[in-house]
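2 protein chains.
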Amino acid sequence: MAQAQLKMKLKKVPRKSPAVPASKKAGPPPSKPEPRKIVRLTAADLAEKQREISVSEFFTKNRHLLGFDSPAKALLTTVKEAVDNALDACEEAGILPDILIEIQAISETRYRVAVQDNGPGIVKAQIPKIFGQLLYGSKFHRLRQSRGQQGIGISAAGMYGQLTTGKPITVISRVGANKPAHKFDIQIDTRRNAPVVTADDEVEWKPEHGTRVEIEIEATYKKGRHSVDGYVEQTAMANPHAAIAYVAPDGERLTMERVAAELPKPPLEIKPHPHGVELGILLKMLHETKARNLRAFLSGEFSRVSPAVAEEIARGASLSPNMTPQKAAREQAEALYNAVQATKLMAPPSNVLSPIGEELLLTGLKKQVEARFYAATTRSPSVYRGNPFLVEAALAYGADSLPADEPITLLRFANRVPLLYQQSACAVTKSVIQTNWKSYGIQQSRGALPSGPIILMVHIASVWVPFTSESKESVASYPQIAKEIRLALQDVGRKLGIFIRRGLREEDAEKKRSYIEKYIPHIGIALQEILGIDDKRKEKVCATLKDTLERSRQL
Amino acid sequence: MAQAQLKMKLKKVPRKSPAVPASKKAGPPPSKPEPRKIVRLTAADLAEKQREISVSEFFTKNRHLLGFDSPAKALLTTVKEAVDNALDACEEAGILPDILIEIQAISETRYRVAVQDNGPGIVKAQIPKIFGQLLYGSKFHRLRQSRGQQGIGISAAGMYGQLTTGKPITVISRVGANKPAHKFDIQIDTRRNAPVVTADDEVEWKPEHGTRVEIEIEATYKKGRHSVDGYVEQTAMANPHAAIAYVAPDGERLTMERVAAELPKPPLEIKPHPHGVELGILLKMLHETKARNLRAFLSGEFSRVSPAVAEEIARGASLSPNMTPQKAAREQAEALYNAVQATKLMAPPSNVLSPIGEELLLTGLKKQVEARFYAATTRSPSVYRGNPFLVEAALAYGADSLPADEPITLLRFANRVPLLYQQSACAVTKSVIQTNWKSYGIQQSRGALPSGPIILMVHIASVWVPFTSESKESVASYPQIAKEIRLALQDVGRKLGIFIRRGLREEDAEKKRSYIEKYIPHIGIALQEILGIDDKRKEKVCATLKDTLERSRQL
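Taken in order, these protein sequences are the chains called A and B.
Here the first sequence is numbered in the numbering used here, starting from 1 and rising by one per residue.
Here the second sequence is numbered in the numbering used here, starting from 1 and rising by one per residue.
Be aware that one or more of the hints could be misleading.
Treat identical chains as interchangeable: a pair holds within one or across any two.
[Stated by the list, open to error] Within a straight-line C-alpha distance of at most 25 Å, the following computed BS3-like cross-link-like pairs (lysine-lysine) qualify: (1) Lys49 / Lys183; (2) Lys430 / Lys546; (3) Lys61 / Lys129; (4) Lys512 / Lys179.
It is worth saying that the hints were derived from the structure and are not from the lab.
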């Protein structure tokens with residue numbers, strides 16, 4: 001249809017339309033004469049083609065942005081989005097998570113993914129939108145460390161299922177023992193980005209509370225580190241407080257026991273820090289606040305602003321602390337913005353994050369690999385664009401199971417979620433490459449990951465992790481984040497360097513010792529022949545010699 | 001506010017809510033007893049926090065997805081989005097583009113970007129939505145090679161301006177000599193993702209047709225390859241038919257002349273190819289088509305499906321070619337989908353793309369750098385997910401201006417747009433790294449770009465380029481695309497290899513020649529002494545010797 005239209009225009013428009021004459025004067029820069037013009041579409045033609053694009057249509061066409069670019073990755077992304085939600089829900093309700101992941105093979109290229117949790121369940125009225133509408137959720141409009149943050153993930157997985165198998169997403173949820181379980185079949189109307197409920201029943205369901213999600217998708221199943229198997233292992237590493245049971249398509253059952261008996265310290269929700277707020281946001285906040293004056297606005301809607309500080313800021317902007325914020329003009333907002341930037345403020349509260357911690361990092365690594373050396377570090381929180389974040393790093397070195405000449409194994413995590421794809425785009429990878437590993441005794445080619453028998457784990461926790469795409473596979477290189485990663489790497493790197501240098505010294509010593517032990521008997525025989533001493537005396541001389549040399553070596 | 005709420009819940013909820021009992025039986029996998037529960041939020045609490053997220057709110061918070069993560073990049077992205085639109089508009093209207101880019105420094109951290117074209121102009125009624133609403137445009141719902149494709153870029157730049165300076169985007173547009181020019185000031189209501197027109201006037205404007213966009217943004221200006229300067233140069237390389245004038249913030253004026261006197265062959269819009277359509281899309285197309293029967297649907301809405309082929313597909317799906325498509329059930333659509341996959345079809349039309357071409361690639365490179373060797377290749381079109389695409393590559397080798405030991409300079413382009421950021425995430429970079437450059441005589445460390453005095457240019461043209469994020473800075477690694485890039489690289493690599501080997505042979509020959517020239521006079525002197533010959537005879541012997549050896553060397 002569109003092609004036919006285009007051809008029609010090609011013939012008709014040049015003769016009809018006066019809108020685009022072959023004017024040589026038009027257009028800003030001077031240029032050579034224009035030799036030939038194939039006038040095709042006029043402004044009116046182009047206007048006819050303008051249309052709204054729904055966010056669902058956008059992501060259907062760009063499904064690789066959501067992590068659905070290959071069948072193998074689609075399987076992983078679906079599991080990951082469901083597990084992220086399951087863990088978040090359990091933790092927000094203060095429940096130690098028990099997660100069940102079941103993948104059933106329908107055919108070689110089609111799988112049914114089920115993820116079940118013992119979380120608080122979801123109120124019936126919210127279920128359709130949470131699973132059948134992109135950009136809907138509870139985590140976007142807040143600043144609090146959590147796995148999900150966009151309101152896209154699980155509905156995108158459902159949309160991918162619908163796109164590739166035509167089947168709806170199935171959700172069972174129950175909010176308490178004395179409440180019934182509800183079962184929904186939900187599709188997405190992509191043109192309207194709205195849920196369509198195709199089944200809605202009360203069902204018998206054994207768990208007293210929790211949620212089960214089932215999605216049938218086109219996918220392929222593989223083993224390996226980038227697979228669901230690898231994901232489950234790494235998720236257990238970063239979430240030692242969760243019990244995870246995983247039934248693979250081949251029926252194999254993997255159970256990851258709970259390692260930590262307590263929930264991690266709950267992360268806290270914070271208000272935005274004034275230094276991280278752009279002028280446009282400030283303007284919008286001024287116009288939308290319910291505060292009655294500027295003082296109350298500043299001290300009420302931001303962190304680290306007391307009424308006294310609010311008055312200081314207002315003074316700096318030559319504004320009255322009693323002015324009505326809703327009436328602020330752009331120029332007043334700009335004066336306020338500049339005054340905020342010029343005011344010294346305490347850094348955002350840093351106790352709002354929930355790191356894994358050095359101890360549990362090491363426990364996780366030790367479960368993964370038996371190595372000769374381990375190191376871990378949890379850095380103090382820092383701030384980018386007003387958002388608190390912190391970086392943790394841990395490494396295991398010198399395991400028999402790790403190849404000595406291959407690039408190291410790098411495990412990346414953000415808010416306890418393993419990142420399995422887009423390694424090269426990630427701030428973590430870039431920082432690892434830019435760190436000088438040679439100074440720690442590790443091989444490294446220029447512009448490449450270091451090589452050696454090393455598993456390196458890096459975790460970024462933040463109230464808002466800046467991912468490079470909606471699929472949340474790699475972290476954007478904000479300079480402050482890159483710096484903290486580098487410092488964390490240098491910290492574990494230095495510890496490793498000390499170990500390796502000690503190892504090299506010992507190796508050297510070992511070599512010398514073996515020389516001594518090899519040659520002393522020969523010296524003994526020679527002395528016996530020259531001096532004519534007996535065997536006993538020869539042995540004694542040898543022992544003395546060895547002792548003397550050992551001691552001189554140690555000096 | 002939210003923090004206070006949270007604390008309240010911490011105290012109250014455990015005693016009040018029966019929804020989350022500390023049940024040990026709940027939850028799917030068996031686990032150790034749960035020692036402590038900090039019940040916090042119930043399903044009802046969580047439900048209260050659920051909210052819709054507007055696409056503008058989403059991208060404001062995730063502005064790095066759109067290429068606005070740093071002030072330097074923001075300047076480039078703003079220019080790029082405006083120039084993309086300008087070039088697309090000119091070409092769609094068959095006008096040789098004259099583009100003017102002006103960047104005015106307001107302060108060290110604030111710039112006013114203006115981009116003006118001689119395109120067909122924009123119909124008045126469309127201006128607010130095009131510049132003041134994300135996900136609105138003419139290019140998303142079609143398959144045709146163009147720079148823009150998402151309906152996000154220019155409105156995102158406007159939104160970034162508003163976010164950082166509070167100022168609206170200004171647009172002047174005129175559709176013809178006998179029409180007035182309109183000037184708009186447009187802001188975005190981010191909560192509703194809708195334009196708010198703050199000024200709307202008829203103005204005097206000299207050009208007879210065209211559009212001028214002005215955006216004031218927070219930014220920093222730098223020189224260099226990743227800057228606007230580098231972008232303008234590379235844009236001229238890939239668009240030899242465009243004249244570009246650029247006025248930098250420091251007042252320096254750069255004029256890129258038109259190199260090609262004609263517009264490139266216009267790309268054509270195509271219909272989707274059946275093999276690239278997912279089941280869910282097929283189902284949606286069936287339900288939304290205006291075709292009265294399946295035969296007409298298949299042959300009318302897809303490329304490469306004749307009525308005869310449509311009947312064959314219907315037969316394969318055990319469906320009547322006369323069935324009403326709107327009534328198709330999921331199972332019938334699936335049968336149809338499988339029949340489509342099983343039917344041999346011609347590949348999508350490949351003459352719809354508009355490559356730069358080997359000749360103009362070489363012209364562009366030669367303008368950039370004076371080198372010892374050039375090579376270029378334009379591959380035949382191929383297909384990924386039903387979308388035709390093609391890859392071009394060109395390289396320049398051995399210029400004095402290029403360092404010999406540094407990684408090569410890689411220039412990436414997609415639909416004639418230079419990609420300046422996220423190099424490491426790009427399918428192009430990955431393919432360059434995975435190509436074995438050593439076999440062409442070029443140094444390369446494992447897992448790194450090759451090193452040497454080389455500028456390498458890779459261009460991907462497609463009716464739909466799969467970018468790894470909305471900022472369109474790198475291309476996703478679909479296997480078919482990666483393969484075509486590899487083949488293009490191997491093609492120019494082989495040519496380079498032949499040149500380098502010949503160079504090495506010549507160098508070798510040169511070395512031998514210099515040995516001969518060095519030692520023959522000594523042999524001459526020795527012979528003179530031994531045989532007692534005179535100088536003239538000695539010279540003759542030397543000449544003969546040299547000649548003989550030269551000839552033997554050349555065999």
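Which numbered hints turn out to be false for this structure? Hints 2, 4 not satisfied by this model.
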